[in-house]
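The two chains are supplied separately, each in an independent frame; assemble them into the complex guided by the hints.
The listed protein sequences correspond, in order, to chains U and A.
Take the first sequence: its position 237, counting from 1, is numbered 233 in our numbering, and each next residue is one higher.
Take the second sequence: its position 157, counting from 1, is numbered 1502 in our numbering, and each next residue is one higher.
Errors might be hidden in some of the hints.
[Unchecked claim] If you want a taste of the chain U side facing chain A, the calculated C-beta under 10 Å gives, among others:
hint: 1; residue: Val34
hint: 2; residue: Arg174
hint: 3; residue: Ser178
hint: 4; residue: Thr196
hint: 5; residue: Ser231
hint: 6; residue: Gly294
hint: 7; residue: Asp306
[Stated by the list, open to error] Here are the in silico distance ranges between beta carbons for each label pair:
hint: 8; chain 1: U; residue 1: Gly282; chain 2: A; residue 2: Thr1492; range: 31 to 41 Å
hint: 9; chain 1: U; residue 1: Gly280; chain 2: A; residue 2: Arg1543; range: 54 to 64 Å
hint: 10; chain 1: A; residue 1: Arg1549; chain 2: U; residue 2: Gly119; range: 25 to 35 Å
hint: 11; chain 1: A; residue 1: Gln1423; chain 2: U; residue 2: Leu157; range: 25 to 35 Å
hint: 12; chain 1: U; residue 1: Ala290; chain 2: A; residue 2: Thr1492; range: 49 to 59 Å
hint: 13; chain 1: A; residue 1: Thr1492; chain 2: U; residue 2: Asp397; range: 37 to 47 Å
hint: 14; chain 1: A; residue 1: Ser1436; chain 2: U; residue 2: Met118; range: 43 to 53 Å
hint: 15; chain 1: U; residue 1: Glu283; chain 2: A; residue 2: Ser1436; range: 44 to 54 Å
hint: 16; chain 1: U; residue 1: Pro23; chain 2: A; residue 2: Ala1468; range: 33 to 43 Å
[As the list claims (entries may be wrong)] Sample of chain A residues facing chain U (criterion: CB under 10 Å; computed from the structure):
hint: 17; residue: Pro1402
hint: 18; residue: Phe1403
hint: 19; residue: Pro1406
hint: 20; residue: Ala1503
hint: 21; residue: Ile1514
hint: 22; residue: Leu1527
hint: 23; residue: Val1528
hint: 24; residue: Thr1530
hint: 25; residue: Asp1592
hint: 26; residue: Ala1593
No lab work stands behind these hints: they were computed from the structure.
Quantities reported herein were computed from a predicted structural model and do not represent experimental measurements.
Note that CB positions come from ideal geometry on N, CA and C, so glycine has one too.
As a plain string of letters, each chain reads:
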Amino acid sequence: MTGAFKAAGALTDTGPDVPVGEATARPGYFGEFGGQFVPEVLMPALQELEVGYSAAQMDAKFQAEYARLARSFSGRPTPLYEALRLSDALGLRVFLKREDLAHTGAHKINNALGQAMLAARMGKRRVIAETGAGQHGVATATACAMLGLECVVYMGADDVLRQALNVERMRLLGAEVRIVDSGTRTLKDAINEAMRDWVTSPRTTFYVLGSAVGPHPYPTLVRDFQAVIGREARSQLLDETGRLPEAVVACVGGGSNAIGIFAPFVDDASVRLVGIEAGGRGRGTGEHAATLVAGQVGVLHGARSFVLQDKHGQIVGTHSVSAGLDYPGVGPEHSHLKGSGRAEYVAVDDEAALAAFRQLSRLEGIIPALEPAHALAYLPKLATRLGPGALVVVNLSGRGDKDLATYREATGDEQ
Amino acid sequence: MSDRPDRLAATFTRLRSADEVGLFPYLTAGFPDRATCRDLLDTMALSGADGLELGLPFSDPLADGATLQRANAHALGQGVVLADAFELAASVRERHALPIVLMSYLNPLFAHGLQRLAQDAAAAGVDGIIVPDLPFEESMPFERACTAAGVHLIRMVAPTTGAERLTAIGARASGFVYCVALVGTTGARPALAPELPRFLAAARRAIQTPLVVGFGISTPGHVAALVGHADGAIVASALADLIERTDARELLPTVADFVRELKAATRPSSPLPTH
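Bound conformation, chain A alone (with noise of 0.2 Å):
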């Protein structure tokens, strides 16, 4: 790792100490256009968010549900490339000191080739990367050029990764792991998979970095029902439903309530809300 200062490391050492969750809103970059997008980062620094997770638009998302599809597609329509990705980030990294994660499928990062990819993202300030299409056993050349230019690639395990495997990914894992919480697309949901409670011990048997669980994270009680289990938790498609339906002039207040309340879920001694 070079000098930079490692902002994962630091706020989750912050959570743990204060035994909270991290909360973890995620964006499509330019969604829902160039400009709501950064004010949207913004808001959500400045609601509670402990990190943000930015996603650059992929014209074949495969692990993404409906929700996300759709903006992906509308983000793509609007020619969002990852430069856009790069100046949200620089953007936010400029007002924010929390850690900012992007999120892309391999072929955008490929095209733009990895060693300058994790370089560039560097520069942008951002901390880490998530590659949804690209597992452990391929990662070995990109895990070298993003330790290099000093960003973690983050890694991902879900319900259906046996012991040994968990226990393999987690001797590499870096900054956090990404703990998928159920067997499928993203998309919000009405409950968590019963699964759940069962696959974090796992992963927490296993591997020893923070672990932060996304997909299906749709509610305040979601993110409650993660203490305790949990370092983090990422909220995506039900922000982005929330956004498509929400008026433009009350976006902005209404985001802000929205992670407010998956913040206030986070701490061991908040009431349960009653969703």
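Chain U with its partners taken away, still in its complex shape (with noise of 0.2 Å):
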């Protein structure tokens, strides 16, 4: 674990005038990763809901409204699938968190469920939500439509248009959908726009962030919401095996999938934690969204942690086939699980996802999200490391119906 807790100022490169350890005591830190890099207006707001979410974990009752929706409203627990025909043409043995089955197609209703009821218990009648894929924005407008609040999502316009379906989804359940023009016109900007909204709007406005990212708590609050994935499987693996995984993957925008499937598994040593980025037309392209793999420190929607930046401190431009991944940050969790060498990252390509994309609708019946198809594109690599018959669980996040189009384009294949 080295250079795991030693650098915890929060920004460290001021020399040795700087006592070590100095941040170590604040709260959302995750090593020298972490913090609340915002602006002063949402401090207070950033404070009322560390105390509302603590209030709310120590509340026996919201826990149990909170575990009665999961289960009755969206669907948990969610299968753990042994794909027998993948297994076979890969030489492992594959078991599939079936996140893509909760309500919504994804694991974005954990979270979404969550902060939604959060807002609530909170006395904040208006939530706003930034969205990349649209998963998170749909599980978002239909959280709120169920508890009765008002939802506002930021989209990029690129977005907007790849992700055409979800769009009318978000409109449908009574969400308001607001297009955002500038920048990247993707998630990035997306956020800068909900962003922009809360510090006009913080004590009326609940935020709920759909990724692990951002200023604490929001990190520690997202992944708390998606742990509920990895303890799931760790124990349905456990009942059906009668042992532990040879590894872990999940693919890796945010992270909020990753880090709730990988929480879980962080203390059993023996488990091999693989994130997996989107490497889109390839690294020296730099038509990339390989934060962890390719990014240098930084401090991005205000969190430090892996950032795509140029030499001047710019956020550069991204590109995946995946909205969901298209993102030039990352969670601060996962940048400490890279650190500290806990947890591996590696990046995939367009190019192989989507032939993962296609390969699992045709050998299982399933048809991924291109999100969690990058994880899918990484097992011919993960076979050949681990050998013969690993036992690999990987987190299929959500349902690929949203990407039809993308595929379409992308491959040519009408079929």
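Encoded structure:
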């Protein structure tokens, strides 16, 4: 664990005059990553959120209600499915954690439901959210409809085009979708606009952040709501096979599905945790979103973490065939897991993800979202590394209906 | 602090003895282009500005409204980087003694290295640094770097900042405290926020350091309304709007007139302009 907790000062490059460990006592840091780098106007709102979340955690009634809705509304627990034909093709024993079967078609509902309930408990009747692929937007719109909350979702103009189905779903669910035309017109700028909205209305508005990014307490809060994925998967696998897997694999954009499935396995030292980033058109092209693989430490959207940036500290444009992974930042806990060596992160390019998208559809009758298709695309390489028959759990974080147009356009495949 | 002259302290002493509000016009470095930006800074210094705020453009200015987002993107499009901002500051410093404050989001400063940043800023004649996404809790290492270099780290407070927090921030304030005039992003507004007087009164009770108000300060009338409530006013988006809509040939005299009008409103005896 070298490096894990040594450089805990928020900004550690100011030289030896900075006492090491100054910030360790502060919550919201994962080693040297995390923190609260937001305009002053939002600091009281973050503190209110911290207090509100702690109170909800200790409120047995809130917890019981969340458990009830997770079961009867979201459809938890989701199954752990042994993919036999895929396993045969790969020479691995592959289990898929079926978050695609959760209500709204992705793991995003776990967090959106939790945060929307928290909004209601804290007396905030207006909810805002950002969305990339549209899954978090749909999940938030869904939870808000069910709880009777007003919902505004910010979405980049490019993503509105490539995820049109999800835009229609959000509107049908009663949410207002605000199209973001600035900057990269994708998830990064949708988050900027959501933050600007929140800066304007922190007293009345609850920001339901969809990934394990942003200022403290969001990375912790999102991980806590998503960790149900890993807890279920771990116990389901133990029930079915009597042992732990060799590896747990998940795609990483901001990193919510990955941290959700990783967290309950972190203390199982024998289990490799493998995060798959979007390699886009390849690292050499600069057109990718492989933040942990190719980025440097910086500050974006309120947290110190790895960031894709130029040498002047400007955030650079990204590309991925998957809107949900098309983001130049990553959750601070992932940066910490990389730094400590507890998890490893690799990149898979668009083409491999598209091939895996088709492969799972054909072999297992499951159309995955393009995001977890990246995780699936790494399995052949993992098979070579782990050897035949290794037991692997993949977080199948969402379903792929939303991606059919992208797939057709990218491959020309009409079938 | 080093032996550098404290231009901010000297400026506020002078302003207080004259019962005036300081006028701090803001420009994004390299906006609308490098050469014009230099001429504009010079013009503003000659037209009554008490200090200048120079913004380093950033790709993700999340505290800024549409006007300054455009200015940021425009400057970045021309390849403006930190070295350009320092060059602009140094060129002002060659000709003028007024304080210069650098405004930048954290990441470009972080990429440069915070200690080096503070030293380079001091060398360029910069007197203070404002970092809108570096709140009090995260600021101690940078504060030390700034103090060692003889540059003020300017702290920010907002209408949402509670009384205890105002006191805590005031206790570590240096140079001046930037009072965000409204709950929102930057951008010209027709009127000041109704809660502004109460907020400034609370800030005044908690903070000894001079108070400078920014965000939404758009007209001479807004500036005049601050007399007796604050020590300075920052005018940013209204100026950028004016620059955007003014023909290049008319730009310098038009901006000079606007700055003179704003400055005239900072004096207690000035007749209240109607807009």
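Subject >> Interface hint status, Arg174/U versus chain A (Cβ within 10 Å) >> reply: violated (14 Å)
Subject >> Agreement of hint Ser231/U with chain A interface, Cβ distance less than 10 Å >> reply: violated (38 Å)
**OP:** Could you check the hint for me, namely that Gly282/U and Thr1492/A are 31 to 41 Å apart, CB to CB?
**Re:** Holds: the Cβ-Cβ distance is about 39 Å, inside 31 to 41 Å.
Original post:
Taking the least C-beta to C-beta distance, is Pro1402/A closer than 10 Å to chain U?
Top reply: holds (8 Å)
Subject >> Minimum beta-carbon distance criterion (10 Å), Asp1592/A to chain U >> reply: violated (27 Å)
Original post:
Between Arg1549/A and Gly119/U, is the Cβ distance one that fits in 25 to 35 Å?
Top reply: holds (31 Å)
Subject >> Interface restraint verdict for Leu1527/A against chain U (beta-carbon cut-off 10 Å) >> reply: holds (9 Å)
Subject >> Consistency of beta-carbon spacing, Leu157/U to Gln1423/A, with hint 25 to 35 Å >> reply: Hint holds: Cβ distance 29 Å, inside 25 to 35 Å.
**OP:** Let me know if the C-beta of Val1528/A comes in closer than 10 Å to any C-beta of chain U, holds or violated.
**Re:** Hint on Val1528/A: holds, closest Cβ of chain U at ~6 Å, below 10 Å.
Original post:
At a threshold of 10 Å, is the proposed contact between Ala1593/A and chain U supported by beta-carbon distances?
Top reply: Cβ of Ala1593/A sits 26 Å from chain U, so the hint is violated.
Original post:
Quick one: are Ser1436/A and Met118/U within 43 to 53 Å, going by C-beta?
Top reply: holds (51 Å)
Original post:
Given Ser178/U as an interface hint, is the shortest Cβ-Cβ distance to chain A below 10 Å?
Top reply: holds (6 Å)
Checked against the numbered hints above, the structure violates hints 2, 5, 12, 13, 15, 25 and 26; every other hint is satisfied.
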